[in-house]
Amino acid sequence: MKVGKPEKLIVNGKRLDGRAFDELRPIKIKAGVLKRADGSCYLEWGKNKIIAACYGPREVHPRHLARPDRAILRCVYKMAPFSVKERKKPGPDRRSVELSKVITEALENVVFLNLFPRSAIDVYIEVLQAEGGTRCASLTAASVALADAGVPMKDLVAACAAGKVDGEIVLDLFELEDNYGEADLPVGIVPRTGEITLLQMDGNLTREEFEKALDLAIKGALQVYELQKAALKEKYGGENGGEQ
Amino acid sequence: MESNSIVASIKKDYILTVLETGKRVDGREFDEYREIEIIRGYAQRAEGSALVRIGNTQVLAGVKLSLATPFPDTPDEGILSTTAELVPLASPSFDIGPPDERAIELSRVVDRALRESNALDLEKLCIVPNEKVWLVNVDIYILDYDGNLFDASCLAAISALLDARFPKLEDDKIIYEEKTNEALPIKNKPVEVTFAKIGKYTVVDPNLEEEEVMDARITFGITQENELCALQKGLRGSFTREEILDLFDKAIEKAKELRRYLE
Amino acid sequence: MKKVVFIGEEIANLEEFLPGKNTYEDNGKIYASTIGTISIDMKERKINVIPKNDIPEIKENDIVIGVVEEVKEKFIIVNILKKKGAKRSFPKKITGLLHISKIKNGFVSDIAMEFNLGDIILAKVVNSKRTPVLLSTMEDDFGVIKAFCYACNTPLTLNENKLKCERCGRVEVRKISKNYGKGINW
Chain R
1 MKVGKPEKLI
11 VNGKRLDGRA
21 FDELRPIKIK
31 AGVLKRADGS
41 CYLEWGKNKI
51 IAACYGPREV
61 HPRHLARPDR
71 AILRCVYKMA
81 PFSVKERKKP
91 GPDRRSVELS
101 KVITEALENV
111 VFLNLFPRSA
121 IDVYIEVLQA
131 EGGTRCASLT
141 AASVALADAG
151 VPMKDLVAAC
161 AAGKVDGEIV
171 LDLFELEDNY
181 GEADLPVGIV
191 PRTGEITLLQ
201 MDGNLTREEF
211 EKALDLAIKG
221 ALQVYELQKA
231 ALKEKYGGEN
241 GGEQ
Chain D
245 MESNSIVASI
255 KKDYILTVLE
265 TGKRVDGREF
275 DEYREIEIIR
285 GYAQRAEGSA
295 LVRIGNTQVL
305 AGVKLSLATP
315 FPDTPDEGIL
325 STTAELVPLA
335 SPSFDIGPPD
345 ERAIELSRVV
355 DRALRESNAL
365 DLEKLCIVPN
375 EKVWLVNVDI
385 YILDYDGNLF
395 DASCLAAISA
405 LLDARFPKLE
415 DDKIIYEEKT
425 NEALPIKNKP
435 VEVTFAKIGK
445 YTVVDPNLEE
455 EEVMDARITF
465 GITQENELCA
475 LQKGLRGSFT
485 REEILDLFDK
495 AIEKAKELRR
505 YLE
Chain F
508 MKKVVFIGEE
518 IANLEEFLPG
528 KNTYEDNGKI
538 YASTIGTISI
548 DMKERKINVI
558 PKNDIPEIKE
568 NDIVIGVVEE
578 VKEKFIIVNI
588 LKKKGAKRSF
598 PKKITGLLHI
608 SKIKNGFVSD
618 IAMEFNLGDI
628 ILAKVVNSKR
638 TPVLLSTMED
648 DFGVIKAFCY
658 ACNTPLTLNE
668 NKLKCERCGR
678 VEVRKISKNY
688 GKGINW
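Respectively, the protein sequence lines represent chains R, D and F.
Going by this note's numbering, the first residue of the first sequence is number 1, and it counts up by one from there.
Going by this note's numbering, the first residue of the second sequence is number 245, and it counts up by one from there.
Going by this note's numbering, the first residue of the third sequence is number 508, and it counts up by one from there.
Only chain R is shown next, with the shape it has when bound in the complex (with noise of 0.2 Å):
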């Protein structure tokens, strides 16, 4: 056994942060929240805090990188170094350098690109308190960040993670679980459609724990999805044309 692994996950059917096997935590999502951005999104989920802030399009820096055809998109996953327990060095670590891809592919499937060819469309995701599943997290406020700064796209992207935990599929994993659980099945969904565009696996699960957990992630997401339509739609207005 793992030091520090908690003698069971599960108690009474209960998971230790008291939720039920298919509930997500809290989440507080809110759009616009920087000045100097573009679009920006503030993300609570569970213990996390991420802020995501989206520039652009806009001119492309070094210049070789820019595409004739599309827009290049870029995103940046980074830790602070007081968001974890034992301090995190600044500067960018392998894991952080994997995420940031894996976010960025996950949204160039809905960003229409080919409008803004030769430009550049940055968003930068900083967790500033992490406990686990920052994940999906980050490319849910991403996503907001997204929309929020008026960049065309099919559809949000939203994601949520499955897992195993002491035999059994749960929805949303919390760091305890992240560590010390079977499985983490983090996915990202375009809602409308249906199209899964970001998914890792990490650890075990037969054919059939995989289908129930990969079902209980996307119903995790569609939830997670009309809570980032609430936020742009408090900063947007829906029938009344908002604060703008």
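I should point out that these hints are in silico values taken from the structure, not numbers from a laboratory.
It is possible that part of the hints are untrue.
[Claimed, not checked] Example chain F residues on the side facing chain D (calculated, C-beta under 8 Å, incomplete):
| id | residue |
| --- | --- |
| 1 | I572 |
| 2 | L588 |
| 3 | K590 |
| 4 | G592 |
| 5 | I618 |
| 6 | I627 |
| 7 | K653 |
| 8 | G688 |
| 9 | I691 |
[What the hints assert, rightly or not] Beta-carbon label-pair distances, calculated as ranges:
| id | chain 1 | residue 1 | chain 2 | residue 2 | range |
| --- | --- | --- | --- | --- | --- |
| 10 | F | K536 | R | N114 | 16 to 22 Å |
| 11 | F | E673 | D | F315 | 50 to 56 Å |
| 12 | D | N300 | R | P117 | 51 to 57 Å |
[To be verified] Example chain D residues on the side facing chain R (calculated, C-beta under 8 Å, incomplete):
| id | residue |
| --- | --- |
| 13 | A290 |
| 14 | D383 |
| 15 | L387 |
| 16 | P429 |
| 17 | N470 |
Glycine included, each C-beta is placed from N, C-alpha and C at the ideal position.
Given the coordinates of chain R, work out where chains D and F should sit on it, guided by the hints.
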């Protein structure tokens, strides 16, 4: 000239015409700060933290504690380390990558105020002389850049230090999940006050528009005894001896205002 | 107030309209691709979405500032930096061309008497379909708003329709905007 600086040079003509009328572009008096707000305990995985807003500028500072071997020349003192990151989400002019000269200057000027005012009693951070001391990392994170990072960062750093509580120490291991009620040994609460010189005018707490056109900048670090603990003049422009002495007096008055936010 | 539509929201089908700006077509249906309000162009039978957060585009009648990059015999080339009313920068570099016939009312014999490299100018866009976009400085508001001394690069000050260098005394002429030296607040 880069395009932003060309636009700034045109804006400067406008900003100067407004300054001539005795006002600033955002309607403030020359010696007036923007609205200030400090939220302590913002980042809960840090041992201490504070989000500071000065107008639209937002700075988050987090304090992390860990154990370290003391420096050989100060075997019975803890270690204070201050870094600042101009994270790219805060401004189109901040890039990803290692800290540039602006970030390094910023962290050093804040560090100087904390260190030279003896904000932290480093001797009280010694656990076993020569062997084990507390390492206090203050990480300053710029989230939204609308000018005057020095004052905002210093306020964030000292507020985060005031907010910090030691984690539990068990068999020489830190239990981060359990914070004690014990605060850090704070001896002084320095603040920084920055002025921008635009043409012949000098204004406190420059916003971004003013910073983009300023000729010179000066930052005073002021202790709670109203003494000077850090000083940094920046940019190509200059100040006269008389201007500096006059600004020092003004800085002391402004420091009193800022310190009220630390109570 | 008009109803706000959201990204991915179905707004029409292909039998009714053609997909216009900030919309897309998928499987016979038209969806919004940005948050905004619907605008219908009956003439072209197009449905468009007017975004709430606009990405700047260069359009006819836009007022822009730019810096003179090239001075040729019959035209100058301007690097357009900003347009009035835009909160953010353009998606890519935009270049403008100001033809000798669009500089001012009256005959221009030598374009170098009107503009110089590095001058900062205020101009109006008269044709945005072409690349580079076509500019005009015919009106009094437009023309040079800041110029630098050819000899010592000091900003020139306006003195009775002439531009004078306070440092070296040199006098230069330009097509001057009536806003010369006043700067901009946008």
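Cross-check of the supplied hints:
With a least beta-carbon distance of about 6 Å to chain D, the hint placing F/I572 at the interface is held under the 8 Å criterion. The restraint placing F/L588 at the interface with chain D holds, with a minimum CB-CB distance near 5 Å, inside the 8 Å limit. The interface hint given for F/K590 is broken, as the beta carbon of that residue sits about 11 Å from the closest beta carbon of chain D, more than 8 Å. Given hint, F/G592 at the interface with chain D, is violated; its Cβ is 14 Å from that chain's nearest Cβ, farther than 8 Å.
Below 8 Å, beta-carbon pairs count as interface contacts, and F/I618 has none with chain D, the closest being about 21 Å; its hint is therefore violated. Interface restraint check for F/I627: the shortest CB-CB distance to chain D comes to about 6 Å, inside 8 Å, so the restraint holds. For F/K653, the shortest C-beta to C-beta distance to chain D is roughly 6 Å, which falls under 8 Å, so the interface hint holds. With a least beta-carbon distance of about 6 Å to chain D, the hint placing F/G688 at the interface is held under the 8 Å criterion.
Using the Cβ-Cβ criterion of 8 Å, the hint placing F/I691 at the interface with chain D is satisfied: the shortest such distance is roughly 5 Å. Separation of F/K536 from R/N114 is about 20 Å and conforms to the stated range, judged on CB atoms against 16 to 22 Å. The hinted range of 50 to 56 Å is satisfied by F/E673 and D/F315, whose Cβ atoms lie roughly 55 Å apart. The hinted range of 51 to 57 Å is not satisfied by D/N300 and R/P117, whose Cβ atoms lie roughly 33 Å apart.
Interface hint status for D/A290: upheld, as the beta-carbon distance to the closest one in chain R is roughly 4 Å, under 8 Å. A cut of 8 Å between beta carbons decides the hint on D/D383: the least distance to chain R is about 4 Å, and the hint holds. A cut of 8 Å between beta carbons decides the hint on D/L387: the least distance to chain R is about 6 Å, and the hint holds. At about 20 Å, the closest approach between the beta carbon of D/P429 and any beta carbon in chain R exceeds 8 Å, and the interface hint on this residue is violated.
Hint status for D/N470 relative to chain R: violated, with the closest Cβ pair at about 31 Å, above 8 Å.
In summary, the numbered hints that this structure violates are 3, 4, 5, 12, 16 and 17.
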